[in-house]
Every structure is written in structure tokens, then in C-alpha cells.
Amino acid sequence: MSQLLLEIDRLRVDFPLPQGRITAVKDVSLSLHTGETLALVGESGSGKSITATSILRLLPELAEAKGDIRWHTPQGIKSLLDVSNKRIRAIRGNEIAMIFQEPMTSLNPLQRIGHQIREVLDKHTSLNGRAARDRVIELLEQVGIPEAQRRQTSYPYELSGGQRQRVMIAMALACEPKLLIADEPTTALDVTVQAQILQLLKTLQEQYGLAILFITHDLGIVRHFADRVCVMRQGEVVETAPTAELFRYPRHDYTKTLIEAEPHGSKPPVDASAPLLVDARDLRVRFALKKRLFRPNAYFEAVKGIDLRIQRGQTLGIVGESGSGKSTLGRALLRLLESQGEVRFDDTELTHLDGKAMRPIRSRMQVVFQDPFGSLSPRMTVGEIVSEGLRVHHPELNRRQRIERVTEALQEVSLDPAMRQRYPHEFSGGQRQRIAIARALVLKPEFLLLDEPTSALDRSVQATVIDLLRTLQKRHDLTYLFISHDLAVVRALSDTVLVMKDGQVVEQGDTDALFRSPREAYTRELMRAAFLDMPA
Amino acid sequence: MLHYIAKRLLQAIPTLLIVITVSFFLMHLAPGGPFDGERQLPAEIEANLLASYNLDQPIWKQYLIYLGNLLQGDFGPSFRYEDFSVTELIGQGFPVSLELGMWAILLALAVGLPLGIIAALRRNSSIDYLVMGTALAGIAIPNFVIAPLMALVFGVFLAWLPVGGWNDGHWRNMLLPVVALSIQQIAYIARMMRASMIEVLGSQHIRTARAKGLSEREVIWRHAMRPAMLPVVSYLGPAAAGIITGSVVIEQIFGIPGIGRYFVQAALNRDYTLVMGTVVFYGALIVLLNLIVDLIYSALDPQIRYDD
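Residue numbers (the numbering used here), protein chains in the order written: chain A, 26 to 561; chain B, 192 to 499.
No lab work stands behind these hints, which were simulated from the structure alone. Here the structure is a predicted model, which means the values were calculated and not measured. Careful: at least some of the hints might be erroneous.
A short, non-exhaustive set of chain A residues, derived as facing chain B with CB atoms under 8 Å [claimed, not checked]:
no., residue
1, 115
2, 118
3, 119
4, 125
5, 127
6, 133
7, 135
8, 149
9, 151
10, 182
11, 448
Far from chain B by the CB rule (all over 10 Å, computed), these chain A residues [what the hints assert, rightly or not]:
no., residue
12, 59
13, 83
14, 131
15, 157
16, 389
Here are the simulated SDA-like pairs of lysine to any residue, each with C-alpha atoms no more than 25 Å apart in a straight line [unchecked claim]:
no., chain 1, residue 1, chain 2, residue 2
17, A, 148, B, 409
18, A, 111, B, 483
19, A, 91, B, 393
20, A, 526, A, 231
All residues carry an ideal CB built from backbone N, CA and C; glycine is no exception.
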């Protein structure tokens with residue numbers, strides 16, 4: 026029933042750079058049949074996106090692609106790497122379409138969405154006038170944009186991330202292509218939106234008999250979505266197998282590592298009599314939207330009266346989608362943001378302390394942020410970054426003592442202390458996150474705010490960082506506030522969980538109980554989306 | 192929109208007040224006065240002169256009198272160009288400066304934009320290096336060097352064009368000053384357009400446009416041009432103000448009767464009212480040009496809408 030559609034045959038992509046040739050893709054071969062979904066899985070830098078962009082020759086100018094990519098059509102076989110520019114343009118967006126990871130930036134910000142979809146029709150079909158306009162609206166309706174008639178005149182900035190991705194899909198499907206290349210199409214989206222987009226792709230696939238080449242690093246999606254899986258590592262294909270078989274009997278060691286890197290396990294419970302370390306009551310944070318001279322300011326309330334308590338040695342996980350107020354809540358607890366309500370830390374009331382009085386407490390509460398690239402100063406060495414807190418809080422230490430403490434902190438996070446002299450850009454994402462953790466640890470804090478510390482990392486790296494956080498917690502009796510949109514990670518790390526939506530608590534409780542039998546509809550929806558239909 | 196324009200114009204009032212105050216006191220701090228000359232005037236005559244222009248009053252009082260007159264739209268009489276009010280002098284000079292400036296901006300855009308785009312499309316080629324190298328030279332060489340050189344070459348050696356004079360804005364008289372005035376702006380605009388074009392071409396929505404099957408020409412014209420223009424547009428406000436006010440030197444060199452020339456001479460002569468008049472006028476002009484640019488910007492970028 027299914028015919029061969031696409032064959033990639035010993036594809037090799039090189040980047041000739043001044044400092045030498047870099048081979049991003051080495052002898053990759055794979056094939057795809059009509060109506061099939063093939064997942065191309067791998068971590069960042071594995072060459073999966075390069076492989077996919079080679080198909081439509083959308084590689085960066087520098088890149089040199091060799092090998093053969095054969096596109097099977099009723100009119101015969103075309104070698105996509107060799108056909109003329111004109112030919113490949115006639116295939117792009119017409120026979121083979123592509124959607125990308127970043128729905129926020131993949132649309133032209135200055136043009137109405139209807140116009141952008143229409144452009145594909147104008148290019149590849151003979152539809153015009155009324156017919157083309159109707160087709161645009163029909164497409165928008167198919168991808169689930171409400172009030173398509175009206176929304177077609179919207180600009181991308183007026184749409185949410187999920188809606189933009191829907192527009193991208195409408196644009197890709199405009200000419201009823203045979204193959205859709207989806208390059209991490211849901212990575213930048215919230216879990217519930219991700220689930221909706223995946224469902225949409227599935228429906229459209231059946232409707233159009235579409236083959237999908239799905240590029241992702243998320244095995245959860247693969248399990249749910251793909252017929253076959255092709256695992257890539259360092260530019261090579263290490264294993265290709267039907268999905269069920271791959272998860273049941275992974276043959277290659279790397280595939281096993283990837284599967285095992287899925288967060289698992291749970292946190293051993295804390296002694297119920299452990300004293301309270303953080304106690305917040307009716308915490309509120311609001312941001313002035315507009316300062317007005319003679320009228321009261323307009324406010325947006327990001328955190329609307331939240332109570333929370335964390336015992337010493339405990340981890341409280343906060344989950345919620347983007348915009349739910351979880352990061353704001355964390356920062357307000359640390360008094361990094363102005364807030365109303367009461368916050369007690371240990372036996373100190375923080376609410377009325379000024380900056381100077383807060384300082385001794387600051388060394389006891391530290392924070393690790395999500396973005397390991399943005400949160401470390403690029404102009405400071407690792408040694409300077411890690412030791413900066415010591416200079417502020419322990420001016421009595423001399424140089425030698427400071428270096429000792431830094432060395433100790435770096436060893437704690439399994440980094441070579443000799444790397445003190447290097448700058449952040451010389452490190453990988455996982456290493457940088459270790460540096461950020463060392464920076465927090467060097468002050469010997471009791472409380473750590475972990476704001477999405479693993480979200481920017483590959484799964485296998487994520488697993489090592491989670492292990493590290495577990496070990497450190499046990500060793501130093503640390504208390505964590507762990508913020509994440511990733512329910513699997515929260516489940517693996519937390520004693521209690523707080524689910525947030527629109528600045529309010531939806532549900533709060535013991536991790537196991539909450540994951541096993543969520544009470545609120547929103548929590549259930551979040552979980553269904555996060556774990557797709559995987560067994561719990 | 193109208194609301195926004197009104198708000199911006201109201202905001203201009205404190206800005207202008209600061210400009211007026213600072214320049215007023217700075218000017219009076221400078222040694223000398225409008226009636227100092229080679230020959231010492233008889234004491235009684237000088238006293239009469241000072242009294243008739245209120246210059247014998249304490250400075251704060253002079254300041255208040257000036258502000259009062261300004262509110263009534265009266266820039267006062269020129270101290271040096273007797274029988275002329277400052278308003279009349281500006282009224283005569285400004286149309287000339289404006290015409291000169293407008294042509295210079297149009298030329299700068301007409302040449303700078305295409306050069307920048309070509310350089311961006313042929314990035315790291317010899318054309319790119321040539322354009323960018325020339326642009327760098329254009330920025331580095333000040334126009335008071337270029338202008339006399341051009342006058343020397345085209346006016347004196349080759350005798351193709353007149354070396355100076357306005358001649359009611361005849362194109363032959365205008366060509367050299369317009370080119371001299373626009374060279375730096377051409378260079379800036381070309382460099383800016385190149386950088387922003389390169390950035391836009393690397394952005395993700397351009398990749399999307401290519402994935403749709405558009406040709407390179409369509410990608411550039413339909414998807415890259417408008418976003419790439421945005422930084423250039425926001426530069427145009429200050430640039431236009433700079434060109435119109437910066438023609439001070441060029442007007443002097445080519446003997447053009449714009450307001451720039453009055454400005455320099457007035458400052459040298461301590462012609463207090465004329466200096467102040469030009470400062471206020473320039474200030475208002477800059478505010479206005481920036482407002483116009485912001486409005487153009489909002490027309491290009493739908494994310495920026497001034498409805499408040």
C-alpha cells in the first residue's frame with residue numbers, strides 16, 4: 026500500500042570553515058514511504074536538522090552536501106541535490122513542505138497571515154481571486170484557527186505561539202504536499218498546546234495521506250507519534266527501527282542511554298518533623314502596566330495571593346505553563362521582586378527588611394536560572410563568577426582561601442577546578458549549568474531556587490544534572506524550590522507539587538498522590554498533555 | 192493617532208524650554224557683547240543701545256522678557272542686521288536650507304540604500320569590500336574637507352560648475368553642495384542597510400519564505416526589504432535634522448544664503464536674538480522630524496501602533 030517516497034543515500038554535509046572542515050552529517054541513509062511518520066531523533070548537534078534541511082537544499086550557504094537524495098514522483102525519480110534551482114523551488118512548499126521549531130520568528134512579522142498563506146498558493150497553483158481567498162480561509166479553519174475569516178488579516182504578533190504554529194502548518198499544507206518535514210515543531214510550545222498541535226498533525230496526516238519526517242529530541246513524542254525511528258548521533262545514524270521495537274529492544278548503547286535518560290525515580294520522603302524553612306502567606310506580585318500621572322496606575326497581577334510552606338530538606342516543585350506566574354513567584358520569595366504578603370525564611374520575617382538587612386540572608390538563599398547561556402557574564406572567568414558571592418558575603422577571606430572554596434565548589438559539581446581560568450563560552454550547556462550551580466553552592470546556602478534549570482538541556486545532559494541536584498541535596502541537606510514546565514522532571518525530584526495557572530494555585534499536594542490522582546481538571550489536562558498517552 | 196501626535200507635541204514644550212534656557216545662559220556667559228567693536232562707542236550711545244534692547248537689565252529679567260516675547264511669537268529684532276527681525280531672517284534663509292537638505296537626503300537614500308543592499312547580497316565579495324571601504328572613507332573625511340576639494344576640482348580646475356552662490360536654486364549651483372552634504376549620509380546609510388539586510392536575510396522567516404519556493408528576488412523584495420528598512424528609517428530623523436542643521440559649514444563654503452550661514456555669523460557677532468532664534472527653530476525642527484519618523488516607522492511595522 027505504501028510506496029517509496031524519499032530516499033536519502035549516503036548524505037554527507039561538510040562545513041569548510043577557516044579553522045578546518047567540520048562534517049555535520051556523515052553517510053546518512055534513510056527512506057520514507059507514503060503516509061508514514063519517521064522520527065529523526067538525536068540531541069543537539071547530532072545533525073538531524075542539517076539532514077532534514079538538506080532535503081530542500083535550505084542549508085546555510087557555506088554547507089556542502091554530497092551523496093544522493095532521491096524524490097520519487099509518478100513522473101519519475103528526481104535527485105534533489107542535483108536538480109536545477111528552478112526545479113527545487115517548484116518542489117519547495119508544493120510537493121515537500123517544512124515547518125520549523127520557532128513559531129514566533131518563522132512568520133514574517135510585517136505581513137498579515139492570510140497574505141503569507143496566499144503567497145504559497147500564488148506561487149504554486151492557478152487559484153486566484155475569490156478561489157484563493159476561500160482556500161486560505163478553508164486552510165485556517167482546517168488547522169483550527171477560530172474566526173478564520175477575520176483572523177486572516179491578523180499579524181503574527183497578534184497570535185499566540187500555538188496559533189502561529191497552526192498558521193505555519195496551514196501554509197505548509199496549502200498545496201497538499203506529499204511530505205511534511207517538521208523540525209521540532211512543538212519544542213517551543215507549552216505541553217497542552219504541544220498535544221493539540223500533535224493531534225492536529227495526526228488528523229491532517231490521515232486526511233491528506235501525508236508522509237511526515239518528524240525531527241525531535243523528545244522520546245515521549247516519538248513513542249506517541251512515529252511509525253519508525255531513526256536515531257542520530259554525531260552526524261551518523263546509529264539505529265533505525267519500528268517505534269515499538271526500538272523502545273522494547275534498543276540495540277545500540279546510545280539508544281539505551283537516550284531511553285534511560287527519561288526522568289524517572291522519585292525523591293525519598295523527608296522526615297515529617299523537619300522544621301519549616303520557607304513560609305509564605307498571601308503572596309502577591311503585581312506589575313504596573315502603565316504609569317499614569319493623575320489616574321491610578323493600571324496593574325497586571327502576576328501572582329494572586331499564594332500560600333506555600335517548604336520544610337527543611339524538602340523539594341517543592343512548581344509546575345505551570347508559560348505565563349502562569351511560576352518564575353515571578355520564585356523571585357518574589359527571594360525578594361528579587363517587590364511583593365505584598367508575608368514571607369518568613371527560617372525565623373526571619375523578610376517582608377520589611379531593606380536591602381542591607383537582606384544581605385546576610387541572601388547568602389543563605391541562592392538561585393540557578395534556566396538559560397545557562399544568558400545568566401553567566403561572558404566577560405568574567407569561571408573563577409570570577411563563582412567567587413563573586415564570596416567577595417560580597419565573606420570579605421574576610423583572602424585570595425588563597427577564596428580559591429580553595431571555589432575549587433571545592435567546582436569539584437562538587439564535577440568540574441575540573443583547573444577550568445577556573447576559562448570563560449563561559451568555552452563550555453557546553455550542561456557544563457554551564459554546573460557552573461551556575463557551583464556559583465550558588467559556594468556560599469553554602471540552605472535554600473536553592475531552581476528556575477527551569479534543566480529546560481535548555483538535552484535529555485541525557487538533563488539526567489546528569491538531575492542526578493547532581495539529588496546528590497547535593499542529600500549531602501548538604503538543601504531545600505529546593507524547583508520550577509519547571511516539565512512534569513516528568515518535577516515528578517522525579519519533588520516531595521510536594523504546586524500547580525499554577527494564571528497566578529493562582531490550582532492544586533497543591535504530595536507528589537505521588539497528585540500525579541496518581543489529580544483532583545482538578547486543569548491538572549489532569551496538563552498531565553495528559555505532558556505524558557501523552559504513555560503509561561504512567 | 193491624533194491623540195498621540197498631540198501628546199508628542201506637548202512633550203516637546205519642556206524639551207524646548209530646556210534648550211532655550213541652557214543656550215540663553217551659555218550665550219550670555221560668553222565674553223563680549225553685540226556692540227563691542229574695533230572702535231569704542233561713546234558711553235552715552237552704548238548705554239542707549241543697551242537700554243533699547245533691554246541689555247541693561249539683570250540677566251534673569253532679560254531671560255523672562257525673552258520668554259515672554261517668544262510666547263507671543265516674537266523672536267525680537269536682529270542686533271546686527273538692522274531693520275530685520277529674526278523671524279524675517281529665518282523666513283528668508285530656511286526655504287533655502289530646507290531645499291538643500293531635502294535634496295541631500297533624497298540623494299543619500301537613492302545611493303546609500305542600493306549600495307547597502309548590493310553589498311549585503313554580495314557579502315564578502317570584492318564589490319562588498321569596495322562599497323564598505325569607500326563608505327568608511329566617506330565617514331572618515333569631514334565635509335569641510337570634501338566641500339572645498341570639490342569646489343576646487345569641479346569649479347576651478349575643470350570649470351564645470353560654479354564654485355558658489357545660490358542663483359535661486361539653479362541645479363548647477365546646487366549640485367556640489369548637495370553632493371558634499373550627502374556623502375557622509377550615503378556612507379552611513381549604506382553601512383546600516385548592509386548590516387540590517389544581512390541580519391534579516393539570516394532570520395527565520397526568510398528561511399520560511401525560501402521553503403515556500405519563492406525565488407531569491409521574491410524573498411528579498413517581499414520579505415527582506417521592509418524589515419531591513421526599519422533601522423534606516425529610525426536613523427532618518429536625526430539624520431535629516433543633522434543634514435539641515437549641518438549644512439552650516441556647507442552653506443558657508445559655497446556662499447549659500449540659508450539659515451546656517453546666519454547662525455555662524457550671529458554667534459560670532461554675539462547677535463543674541465538671532466542665535467536664540469535659530470536655536471529655537473532648529474530645536475523645534477528636530478522634534479518635528481523625529482515625530483514624523485516615528486509615524487513612518489509605525490506605518491512600516493504593524494507591531495508599533497500609537498493609539499495612546
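Verification of the supplied hints:
At a threshold of 8 Å, the smallest CB-CB gap from residue 115/A to chain B is about 6 Å, leaving the interface hint in force. Here the hint on residue 118/A is kept, as its CB sits about 4 Å from the closest CB of chain B, short of 8 Å. A least Cβ separation of about 6 Å between residue 119/A and chain B falls short of the 8 Å threshold, and the interface hint therefore holds. With a cut of 8 Å, the hint placing residue 125/A at the interface with chain B holds, because the nearest CB-to-CB distance is about 6 Å.
Among the interface hints, the one on residue 127/A holds; its C-beta lies about 6 Å from the nearest C-beta in chain B, closer than the 8 Å criterion. Annotation: residue 133/A was flagged as interfacial toward chain B, and the flag holds, the nearest CB pair being 5 Å apart, inside 8 Å. Among the interface hints, the one on residue 135/A holds; its C-beta lies about 5 Å from the nearest C-beta in chain B, closer than the 8 Å criterion. Hint on residue 149/A holds. Least Cβ distance to chain B is approximately 6 Å, under the 8 Å limit.
The beta carbon of residue 151/A comes no nearer than 15 Å to any beta carbon in chain B, farther than 8 Å, and the hint placing it at the interface is violated. Taking 8 Å as the C-beta cut-off, the interface hint given for residue 182/A holds, the closest approach to chain B being about 5 Å. The interface hint given for residue 448/A is violated, since its Cβ lies 25 Å from the closest Cβ of chain B, which is over the 8 Å cut-off. Under the 10 Å C-beta cut-off, the non-interface status given to residue 59/A relative to chain B holds; the minimum distance is some 21 Å.
Not every Cβ of chain B is farther than 10 Å from the Cβ of residue 83/A; the closest lies at roughly 6 Å, contradicting the non-interface assignment. The claim that residue 131/A lies off the interface is violated: its Cβ sits roughly 5 Å from the closest Cβ of chain B, which falls inside the 10 Å cut-off. With a least CB separation of 15 Å from chain B, residue 157/A remains clear of the 10 Å interface cut-off, as annotated. The beta carbon of residue 389/A is kept farther than 10 Å from every beta carbon of chain B, the shortest such distance being approximately 43 Å.
For the proposed pair residue 148/A and residue 409/B, the alpha carbon gap of about 10 Å is at most 25 Å, so the pair holds. For the suggested pair residue 111/A and residue 483/B, the alpha carbons sit about 43 Å apart, so the restraint of at most 25 Å is broken. Taking the CA atoms of residue 91/A and residue 393/B, the gap is about 23 Å. The hint holds against a cut of 25 Å. The hinted pair formed by residue 526/A and residue 231/A fails the criterion: a straight-line CA distance of about 34 Å is larger than 25 Å.
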